[in-house]
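**Student:** Residue numbers (this note's numbering), protein chains in the order written: chain A, 46 to 181; chain B, 19 to 737.
Hints listed in this document are in silico derivations from the structure and should not be mistaken for laboratory results.
Each residue gets a CB set at the ideal place from its N, CA and C atoms; glycine is no exception.
Keep in mind that a hint or two might mislead.
Here are some chain B residues pointing at chain A (derived, C-beta under 10 Å) [said to hold, decoys possible]: (1) Ile123; (2) Val214; (3) Gly368; (4) Glu373; (5) Leu374; (6) Arg375; (7) Asn376; (8) Leu378; (9) Pro380; (10) Ala384; (11) Leu390; (12) Leu401; (13) Ile405; (14) Gln408; (15) Lys495.
With a straight-line Cα cutoff of 30 Å, these simulated BS3-like cross-link-like pairs (lysine-lysine) come out [claimed, not checked]: (16) A:Lys170 <-> B:Lys389; (17) B:Lys527 <-> A:Lys151; (18) B:Lys495 <-> A:Lys170; (19) A:Lys123 <-> B:Lys495; (20) A:Lys152 <-> B:Lys363; (21) A:Lys123 <-> B:Lys492.
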Amino acid sequence: MTDNPLSKIPPSTLRVLVVDDNESVTKTFGWMLEALGHEARVARDGLTALAMARSFLPDVVMLDIGLPGMNGYEICQKMRAEPGLAGCVFIAQTGWSQPEHVERSKKAGFDHHWVKPIPMDRLEKLLSSLSHRAAA
Amino acid sequence: MRSATVEKNPSEHWGQASPPSLTDARAENILLIDDLPGNLLVYQTILQELGQNLVVARSGEEALKLVLKQDFAVILLDVNMPTMDGFETASLIRRRKKSASTPIIFLTAFTDEVGMIQSYASGAVDYLPTPVVPEVLKAKVRVFIELSQMRRQANLQTEERVRREAAEASARNSAFLVKVSESLARVQTQGELLRVLVQLPIPYLADVSIAWLKEDEKGPSQIECGIMTGPETRDRLPGLKLSDLPWLKKAAGEVMATGEIHFMDEIHRLPPPRSIILSLLGSAIIIPLVVQGQTKGCLVLARQRSSVRYQLDDIPLANDVTYRAGVVLENVMLMERIQEADRRKDEFLGMLAHELRNPLGPIYNAIQLQKLLEPKNPRMADLSDIIDRQAKHMGRLIDDLLDATRVAHGKILLRKERCDLGQIVHQTVADYRTVVEASGLQLNVISPNAPVWIDGDSTRLVQAIGNLLHNAHKFTKSGGVITVRLEIKKYGRLATVTVADTGIGIESKMLSCIFDVFRQAEQGLDRSRGGLGLGLALVKGLIELHHGNVHAVSAGLDRGAKFIIELPVQPLENETVKNIPPLEIPSNRKYRVLVIEDNQDAARSAQMLLHLEGHDVRTAPTALTGLEAARDFHPQVILCDIGLPEIDGYQVVRTIRQDVALSSTYVIALTGYGRQKDKRQALDAGFDLHLTKPIDYASLRHALTLADTKYGEMESVSP
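When you get a sec, could you build the whole thing from the sequences and use the hints?
**Tutor:** Right, dumping it as structure tokens:
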């Protein structure tokens, strides 16, 4: 992004992996993260996401839950087991909002359970706190 | 004197226990039979003082008639009578059931031994020589009177005892049934009902009882056994299966099939396999459990070999128990159905929220990005496309939801006309071809060359076939094939549209219920394919409105699926046939358009869209400013919101229609409600067209093409 209109330039760039089978979601998140000054990669299924995570080594992974083949919970568990991804922050982004869904995300190893649609300032706030921490 | 003693104190004769006396007891009937009135008078005189009811007969025939009519304590019978003599009369009296044991005393002058033997043989109990000695006659008759009174007393006591016992049994039964009702009233589930039901009859009605509910759509059959384990204790035998009770299986099955009570006896003698329960049991009755005329299960009551076997008398009480259980079962089933529907509704609402949030995510993102990016950024166009696509997806979900509700409540009205099903199939396939092929699927369509005429609402049929195509697309992986085939069957009377795919298929247990509202194959939280599960319910509803039907066929998971719509074919008549209007060619006419809309965002976006197309647009926020603008601007097309403040859209259009200068304007109603009623109301008020908000580009263009038809001859306005 050359024309970043944000006044707050993050102190450090984060690597963010977005996994969603809906192309509109991955596309918009990708652009949004770029606009926020982070490096984004997108994947539309679990296997691609796992392979990508191993080489890309993201700081943050945003996972949709309802994915074809491997679902978001399984992907999260598998990524948690990757030594290279220690310290990575996992965000579940889903349409399910009941307490039992939040609980299930927690069990699968997610740090956050965010219900769609995700307000940009929320994402921005989390990433900004993470990048400050990374810079410190 | 012996007789005097008896007369003075009769009670002494019988002791304290039996108090009947000749004076206070009811008068007994005594029958006097003699052909000589003189004799009868003598006997009457002698016996009068006994205070009894003396009945006289002058012949054997007369006596027989009397004997039929009333009971006698004793009969005095003259042996020597004309026509029918004493012996004959006596034996006929004996033969009558009513008088078979009535004591008969013979009176005769001939006291020879032969006569005596003959009189005893013909049924006499005593024998008196005439002329009678009054004291002897009185004494003898008195004995029989007292005997009769005693018998009557004894009968009364027996009757009383039987009555008391019946009353006690009835009280016990009532108490038992009260307990049955109380216990059953607390039951909430079918399982609980069985557990309670098997314990209730023990020990009052049975030593062992078994309750059985047969399998239904809700689940497999359930069985519970209650058993007497000690004089005061009863237990359940949990985990029992019907296969453990082969002796019962057949009999119970028969009861289920016929709904009739079944008796069993000598159960311990039944052929092997033997079980402990079996060897203990003697007789049993199996009573059906009936809910609304349907046998849903049965209750088996069984007694030990040593107990009395069941009798017909046991049935009413057992029936009372199963009747009460049947009522409770009906309530429980109803409750379970309601709870199940409620649970499914909750699930559905959760899923609805989930499905609506999914497209909302990218819309939010795109809007945020539109704020972030420079207007000239090439990504801006992509963002609009995303919003457009996702908003349409949301709109479709909401439309499906509303349509499914309307179908479920029978509120969809079809606009039926003669149409060619082949054309409908081809149009639907054309609508879906781009999106299906973009997913790497092959889409084939096979149909006869000649038109297939049916009476139907083409829009709704496109929707139904489209839903099946949408489904096939959703559940078939890239590389698969979807085939739509139109065929004529049953000698041209039936048309079938088959949508076949090579996708994930349907489990056989799901086949019967996939057309139910809110039913979707279990996907759990990680559902990746989305959708509300309403599409198929909608297809079914729409096709049934067309007097057709739809069913699904699948060989199982990953074996593909076929959905088959059947519709009646209409014979071709010589009438003009309305076809589906061809795909619209975008209008090139430019209009003066007035938008009367109080919602500024809606007005502005309509203005922008129309302006982009080169039309001359003005907006007005109220009815009054709108009418003013109309008179000044002379628009060819007016888009008018219905829900305007103070003066609504209906009044606006009425005013326009009454104004000579404006009356021919093409006026389009805009409302948030797309119900048939709203549309009709709008057209009745004078609108040319009714559009449901939000207004998208396509429907606006469509509306303007319709306006073209009206303004066919009018000169276009240059922008």
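**Student:** Output the indices of the hints that this structure fails to meet, ascending.
**Tutor:** Hints 1, 2, 17 and 18 are the ones this structure does not satisfy, whereas the remaining hints hold.
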